[in-house]
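Novice: Sequence:
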Amino acid sequence: MSIARLDALTSWHADWKGLRVAVLGLSVTGFSAADTLAELGADVLVLSESAAEEYERLVPVIGARLELGALEVPQSLRDFEPEVVVASPGFSPSHPIIRWAQDEGIALWGDVELAWRVRDKVVRADGTPAEWVLITGTNGKTTTTQLTATLLAEGGLRAAPCGNIGIPVLDAVRDPAGFDVLVVELSSHQLWYIGQSRGVGELVPYASVCLNLADDHLVWHGSADAYRDAKAFVYRNTRVACVYNKADEATRIMVEEAEVIEGARAIGFDLGVPGPSDLGVVDGILADRAFHADRARSALELTTVADLAEAGLSAPHIVQNILAASALARSLGTTPEAIRRALQAFRLDEHRIQVIARHAGITWVDDSKATNPHAAASSLRAYPGAVWIVGGDLKGVDLSALVADAGRTAGAALVIGVERGEVVAAFERHAPAVPVIEVVTDETEDVMTRVVELAAGIADDGGTVLLAPAAASFDQFTSYADRGHRFADAVRTWIDRGSADDAGSPPTAH
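Residue numbers for the sequence shown follow the working numbering, beginning at 515 and rising by one.
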């Protein structure tokens, strides 16, 4: 395959026929890539360690071939002589096939680059593809993606949240209904693959944001610097608005160093008083001084913290997400009035600082989505003095800084997960005054039952029990959602048991 032919593959209507493509992975992302390429007429070989029965059955139906099993560099792949490898985000830079493809000089794409190349399958009334808005960050990506799409829709644009949020970008690109804007959540893994794009394969987003940066996924990337560099790719080639977090210097530096399209603006946000190119908070009012004709002297009101509190959206890190989403939506013309209306109806997903019950003077909060220290720190600051449920698969991240900072304000800590020893040691070193109980059972069925029993015995009247593990869930649970659901079920069982023993007033469950 000549470079010239690959460079010509920048449209759904280009000649993709016969292109030999190896697709790595057969989850939702891998299948979307294989299905797209097969529809385009490419010769597709899918390689995956395992696959859901439905996907395994469908691969031959769409006209592709499938090889399951351990993935080193199988001979069948070498014999196939792929011209392009399209990798699912789970394949790290150190994976043998990724290294082999790079050594062989084979084009290496992620599903997002493929989607960008075929983004003109369905076009708008003016004949142009949907604009792309890119969102990343260590925490808050999904909430901000949902918020941005909601604000844009309220403003009259057809907007689709997609990407790492769970809907493959390729599915959004191929949706026959078509969209004005794709709001694309990107993980650091996807961004690493975007970073491999060159020339015609490079994305040119309308607007972009990195919400924050803290150590995460260090095993996958190999180092904190590599993780940071991957996140920074979100700003590359941005045309209109590079939104960054004024309270996180790393994101400002990313914007300063980014190669953007001439004329792109840097738009800051934080919880302080906004400058003339920022969004921020003034006396409890969320204010826009970036997209305002008289921004040098005044600001536009978007909503108030009091109104957000009524919708359960007033935690400081959620307010930051709202400001970031508002900046992205304002860059596309959404009015302050539309933003205010949209926020009145918006609600957070499950497992994101979700109050699941209030009973017997205790508030139970599920933030199982807090899978890294940065996210857990935000929750702890929202609930100082809480009984903190912490631990799980640490993903190579040290919790010492978290414990020394936000963790020392906890009322007590209940430590779960297979890496409990490291968490307990962090408390011994950095927060010895905090009572720590190690939940020693490793049986999934018993973990949350025991946690809730212990927490109920520790929490003060008027206190909070907070599940914010600062770790991934896969050591004991199938997902962060499974962890959160089991926590909520255990809380409700404890409430029901208490109600049976106590004829007092019924609990308020949420």
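Hints in this document: simulated from the structure, not taken from any laboratory.
All C-beta atoms in this analysis are idealised placements derived from N, C-alpha and C, irrespective of residue type, glycine included.
Among the hints, erroneous ones may be present.
Ranges of calculated distance between the beta carbons of each label pair, as one might list FRET restraints [as the list claims (entries may be wrong)]:
1. V787 <-> H527: 24 to 32 Å
2. S812 <-> I576: 13 to 21 Å
3. T923 <-> R672: 38 to 46 Å
4. D919 <-> I775: 25 to 33 Å
5. G555 <-> V938: 56 to 64 Å
6. R895 <-> A820: 13 to 21 Å
7. E563 <-> A691: 33 to 41 Å
8. L785 <-> A584: 18 to 26 Å
9. G619 <-> E586: 18 to 26 Å
Novice: For the pair T923 and R672, does the Cβ-Cβ distance stay inside 38 to 46 Å?
Specialist: The hint (38 to 46 Å, Cβ to Cβ) holds, given that T923 and R672 are roughly 45 Å apart.
Novice: For G619 and E586, compare the CB-CB distance with the range 18 to 26 Å and indicate the outcome.
Specialist: Hint holds: Cβ distance 19 Å, inside 18 to 26 Å.
Novice: Please test the hint of 18 to 26 Å on the beta carbon pair from L785 and A584.
Specialist: At 49 Å between Cβs, range violated.
Novice: Okay, E563 versus A691 on CB: inside 33 to 41 Å?
Specialist: Holds: the Cβ-Cβ distance is about 35 Å, inside 33 to 41 Å.
Novice: Is 13 to 21 Å right for how far apart the beta carbons of S812 and I576 are?
Specialist: Check failed, 56 Å falls outside 13 to 21 Å.
Novice: When you take the CB atoms of G555 and V938, is the distance between them in 56 to 64 Å?
Specialist: holds, 57 Å
Novice: Tell me if the beta carbons of R895 and A820 are separated by a distance inside 13 to 21 Å.
Specialist: holds, 20 Å
Novice: Looking only at beta-carbon atoms, does the pair D919, I775 fall within the given range of 25 to 33 Å?
Specialist: The hint (25 to 33 Å, Cβ to Cβ) is violated, given that D919 and I775 are roughly 38 Å apart.
Novice: Given the range 24 to 32 Å, decide if the beta-carbon distance of V787 to H527 lies inside it.
Specialist: At roughly 50 Å between Cβ atoms, H527 and V787 fall outside 24 to 32 Å, so the hint is violated.
In this structure, the hints that do not hold are numbers 1, 2, 4 and 8, in rising order.
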